[in-house]
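These protein sequences, in sequence, are chains C and W. Okay, so the first sequence: first residue is 1 according to this note's numbering, each after it adds one. Okay, so the second sequence: first residue is 1 according to this note's numbering, each after it adds one.
Among the clues, some could well be false.
It does not matter which identical chain is used: a pair holds within one copy or between any two.
Stated by the list, open to error - Taking lysine to aspartate or glutamate pairs in the DMTMM-like style, the calculated list, with each CA pair at most 25 Å apart, reads:
id: 1; residue 1: Lys109; residue 2: Glu43
id: 2; residue 1: Lys109; residue 2: Glu37
id: 3; residue 1: Lys148; residue 2: Asp89
id: 4; residue 1: Lys67; residue 2: Glu153
id: 5; residue 1: Lys169; residue 2: Asp118
id: 6; residue 1: Lys67; residue 2: Asp118
I should point out that these hints are in silico values taken from the structure, not numbers from a laboratory.
Protein chains: 2
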Amino acid sequence: MRWGHRFRDQRVTTHVALVARAFGASEFLLTDIKDEEVQATVEKIVASWGGRLRFEMGKPWKLVVKKWRRNGGCIVHLTAYGENIETCDVLKRIKTCGKDVLVIVGSQKVPKEFFSPDVSDFNVAVGNQPHSEISSLAVFLDRFYEGKELAHEFEGARMRIMPQKNGKKVVKLGISLI
Amino acid sequence: MRWGHRFRDQRVTTHVALVARAFGASEFLLTDIKDEEVQATVEKIVASWGGRLRFEMGKPWKLVVKKWRRNGGCIVHLTAYGENIETCDVLKRIKTCGKDVLVIVGSQKVPKEFFSPDVSDFNVAVGNQPHSEISSLAVFLDRFYEGKELAHEFEGARMRIMPQKNGKKVVKLGISLI
């Protein structure tokens, strides 16, 4: 759930969405605002590179949170002020929950309710230093999925990168008609 | 080394610099262009939150690379086209080098020389999917330093965040006169 997007944040918000996709999330929710350009960019990436990332926008964050709780899910708020993922067992506690996880990332200054237990079950810091919501989300998901998300092959891809020591190799994936 | 910055990339480039700092890099080099606003933002963060990140800008990338090689360093280029950090031993090979590492991140489309062994000793992909140079750098450094960089206390900090389960706590650090 990406809160606080403004039109001048288009590039950063797009990067957040691409990180969500590349690091294993099922869904990306852009709350409280609609931005067709961000949506178009993300949907184009999904069309080319595959996967089933759901993209939703415009819903009020309070309704998203309320519905998530009603469905029994757990909410993690990523913030520089939270429990440091490296120096305590917060990630273990999150995983022990065993529930679907909604990760909230904000732009600069989020509503103080995000820090409250009414909204977030966990406030997690990827280190207690300022950096970027993009890096926070990526490292959180990389640790949550223990790196395996980076080995995932995306279904329905029209193109796939073949890793190279030098140079670039992209293969087109076709449909075989038997 | 951040290549390809344009003034419209200010926010993304700033995030790259803050990731470099927060994830343990000693230096951030903005090549081929000067951007005083990015420099000012980063230096303000360093002044408040501590550490000794060196910030340089305006040098041609070819000279940076040449000098790095002359000093016996190793160069890693982060690119979606590279060897996947999760599915092969590229990180182990980089660490076995035992040399200082220059990590190159570009904006959209980098010169093809970056892929050549004349420039990069290693081309590394944080997964072979498009996402963000910010997330690539963060996850690369997090794996390179095995997470320990997130436990680092920055010297000379004027303020420090104290991790909280809920809420925000920041302490001011003063100088004791004995």
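Evaluated hints:
no.	hint	result
1	Lys109 <-> Glu43	between (28 Å within a copy, 21 Å between copies)
2	Lys109 <-> Glu37	both (24 Å within a copy, 21 Å between copies)
3	Lys148 <-> Asp89	both (20 Å within a copy, 14 Å between copies)
4	Lys67 <-> Glu153	neither (30 Å within a copy, 39 Å between copies)
5	Lys169 <-> Asp118	between (48 Å within a copy, 19 Å between copies)
6	Lys67 <-> Asp118	within (13 Å within a copy, 54 Å between copies)
Of the hints listed earlier, the one the structure fails to meet is number 4.
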